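The listed protein sequences derive, respectively, from chains A and B. Numbered per the working numbering, the first sequence spans residues 4 to 382. Numbered per the working numbering, the second sequence spans residues 4 to 382.
Simulated from the structure, these hints should not be mistaken for lab results. Bear in mind the structure is a predicted one, so any value in this text is a computation, not a measurement. Among these hints, one or two may not hold up.
Put simply, identical chains are the same to the list, so a pair is met inside one copy or across any two.
Capping the alpha-carbon separation at 25 Å, the derived lysine to any residue pairs in SDA-like fashion look like this [to be verified]: (1) K89 to E278; (2) K90 to E278; (3) K195 to Q146; (4) K301 to E330; (5) K90 to T349; (6) K293 to L91; (7) K61 to T97; (8) K215 to L193; (9) K322 to Q112; (10) K339 to T14; (11) K90 to Q105; (12) K301 to T381; (13) K93 to T109; (14) K293 to K339; (15) K27 to S346; (16) K90 to E286; (17) K90 to Y306; (18) K5 to I71; (19) K190 to D336.
Each chain, letter by letter, is given below.
There are 2 protein chains.
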Amino acid sequence: MKFSIGRTAFTRGLNTVSRAISTKTTIPILTGLKIVAGPDGLVLTGSDADISIETTLKADDPDNMLAIESAGAIVLPARFFTEIVKKLPKDTITLEVGENFQTMITSGQSSFTINGLDANNYPHLPEIQTNDSIPLAADLFKQIISQTVVAVSNQESRPILTGVHFVISENHVMAVATDSHRLSQRKVTLEKPINGSYDFVIPGKSLTELSKMIDDAQEEVSLSVTENQALFVIGNTLFYSRLLEGNYPDTTRLIPDSHDTRISFEAPELLAAIERASLLSHESRNNVVKITIDPDKKSVTIYGNSPDVGNVEEDLEPKTLEGNELEISFNPDYMKDALRSFSQATINIDFTSALRPFTLTPTEDSDSFVQLITPIRTF
Amino acid sequence: MKFSIGRTAFTRGLNTVSRAISTKTTIPILTGLKIVAGPDGLVLTGSDADISIETTLKADDPDNMLAIESAGAIVLPARFFTEIVKKLPKDTITLEVGENFQTMITSGQSSFTINGLDANNYPHLPEIQTNDSIPLAADLFKQIISQTVVAVSNQESRPILTGVHFVISENHVMAVATDSHRLSQRKVTLEKPINGSYDFVIPGKSLTELSKMIDDAQEEVSLSVTENQALFVIGNTLFYSRLLEGNYPDTTRLIPDSHDTRISFEAPELLAAIERASLLSHESRNNVVKITIDPDKKSVTIYGNSPDVGNVEEDLEPKTLEGNELEISFNPDYMKDALRSFSQATINIDFTSALRPFTLTPTEDSDSFVQLITPIRTF
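Model the full structure from these sequences, guided by the hints.
Printed below as a string of structure tokens:
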């Protein structure tokens, strides 16, 4: 194998597949990245067994400055090889595989010889048909991810809760995540109905990595699903993730359909007040912030307290306030995550009682998005 | 004590004194910061016993928006208090000390009450006369610091080597640091001769912190020295550092005054080549890079090697090359630190033999700055 390529394009490709490569893998060859030179161009692959990323640097794209002299394949130590490429002196680099997988990388006067591995020993990627792929608007899909992954569990005790549950049929997409203390559910409508229906759970970690790969220039991401794998196509890059096995709990009945007290806020304003209150609650052993709502006095007050350091009290100014008097305590970190996911929107917070979960929904298009938080009993 | 102040100016002052405050102190009150409200304004103090920083927010500076209602003093938990001030909702904040050092901080509708400590228990700062202070140009002093601290030792086995040795008399300043593997010596000439002469060793850590406090707007730093303390005055801020006790070794005889081989380079070009070579040497147990110089062939070649990963070889193009043939090995990290301290300059590297220290000096004004590196024996 021998080819020359532009350093900028090559570095970009290496960075893309490096996202999937972990130094902590138990399969030594997965610390490497696979390079295959073929008639279409250069195919780079990285994998940690859960996630695999494959990107193609096309021979006919002049930006890649790619010239393949002879086809072939090699696996090179990923972190190390990427660092070398970044530091090479000239804009063009040449890579040539010699005997015993010894690989020579040259650029200007600089010449590296590094020990490669046989690409035949690199695991095969899953085979997924992309005929029935589901097209998703890239920015909307990124929003779905960021709004749901906040509620994903990071406890391995119930593995299924470490993923986001997707239910897709006709033109409806529902994504939901819960760690059993809080829940986030997002619904969107597709422009065109799809064939068939899908019900799968994708690891939160995969979605977080995937989201980082979708930049603003990207218009569409297409999704294909098999029994145990999902494939996302983003331009010239393929992103594979395993799916979580098992049944996701039925979450539809967890969301209350009525309320006894409702307050509404600009999300960023309430977020700033919760951040102040949590400065003190974080210094305390039980990280709790309390809100009292008094509809007669039209007052909402927030309290944070730490026996060692002190306490904070702040009168809030809700946009609206209706229903019963209430005093309720909660984990401010859950509240901060939830509020951030609404960015600049105005939201309703709906309560039933001090020990029942409460919900945050946008005042506009309120069916599309709900964050649910379970309060903390302090009495 | 009661005062109100602008949040921006207060935050800036808190950030300044926080540089001296460590969470790892063995003296509990030093995790706090001292606030004194007096006729001139607000004086903030932070200290970790080695370094102390005092800054004054003047009452007559309109930018501070400072109004002192009653004088007094308090010590407040530093990290925590600074975070509160940053997150307060309005531009003005009010601070009032009540009974038992309980301190109320209010801004807008937000009201914090935190537990303070008696300022009488806060250690006194050293008393230093500033009559005979030495004025130093701020940018030049920052350069002296950055060029010498690279060679400071971080081993506590010889504490005196963890500092930079300053010798100041008439209009000469010499600063030198060595960790016994390398040495850096900088000489500057003052515009006006000073009274008396000074010989002291200041901890490298103090200088690094001090350097961060000198921003580009600062024109002058004035220095006063006592037997065991140095005081730097930077605008409205005082920076105290303890001095290291003991005699600094005589370093003047370490610097060779002749050479048998000389090569010259643009510092950034050689730096880039050393960085590439060290990618491989870092993967090896002994972190060594080799240079061979052949004046007949007019060639300089650099080698890095790791048995596990591979090797690198690069032909360099020196600006000049004269003297004897040589093969010499060294720690590339020392070389990188040394080269960075020359920034964009052209330098001479002067060698005597493969086992004798070699020096880097700027081709212009070569007496003013020398970096010395001890080679590594590889045969």
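Going through the hints against the structure:
no. : hint         : verdict
1   : K89 to E278  : between (40 Å within a copy, 11 Å between copies)
2   : K90 to E278  : between (42 Å within a copy, 8 Å between copies)
3   : K195 to Q146 : within (19 Å within a copy, 64 Å between copies)
4   : K301 to E330 : within (14 Å within a copy, 83 Å between copies)
5   : K90 to T349  : between (48 Å within a copy, 21 Å between copies)
6   : K293 to L91  : between (57 Å within a copy, 19 Å between copies)
7   : K61 to T97   : within (16 Å within a copy, 63 Å between copies)
8   : K215 to L193 : within (23 Å within a copy, 53 Å between copies)
9   : K322 to Q112 : between (67 Å within a copy, 16 Å between copies)
10  : K339 to T14  : between (37 Å within a copy, 24 Å between copies)
11  : K90 to Q105  : within (20 Å within a copy, 56 Å between copies)
12  : K301 to T381 : within (24 Å within a copy, 81 Å between copies)
13  : K93 to T109  : within (9 Å within a copy, 58 Å between copies)
14  : K293 to K339 : within (14 Å within a copy, 55 Å between copies)
15  : K27 to S346  : neither (35 Å within a copy, 37 Å between copies)
16  : K90 to E286  : between (45 Å within a copy, 16 Å between copies)
17  : K90 to Y306  : between (53 Å within a copy, 15 Å between copies)
18  : K5 to I71    : within (6 Å within a copy, 75 Å between copies)
19  : K190 to D336 : within (24 Å within a copy, 54 Å between copies)
Hint compliance for this structure: hint 15 alone is broken.
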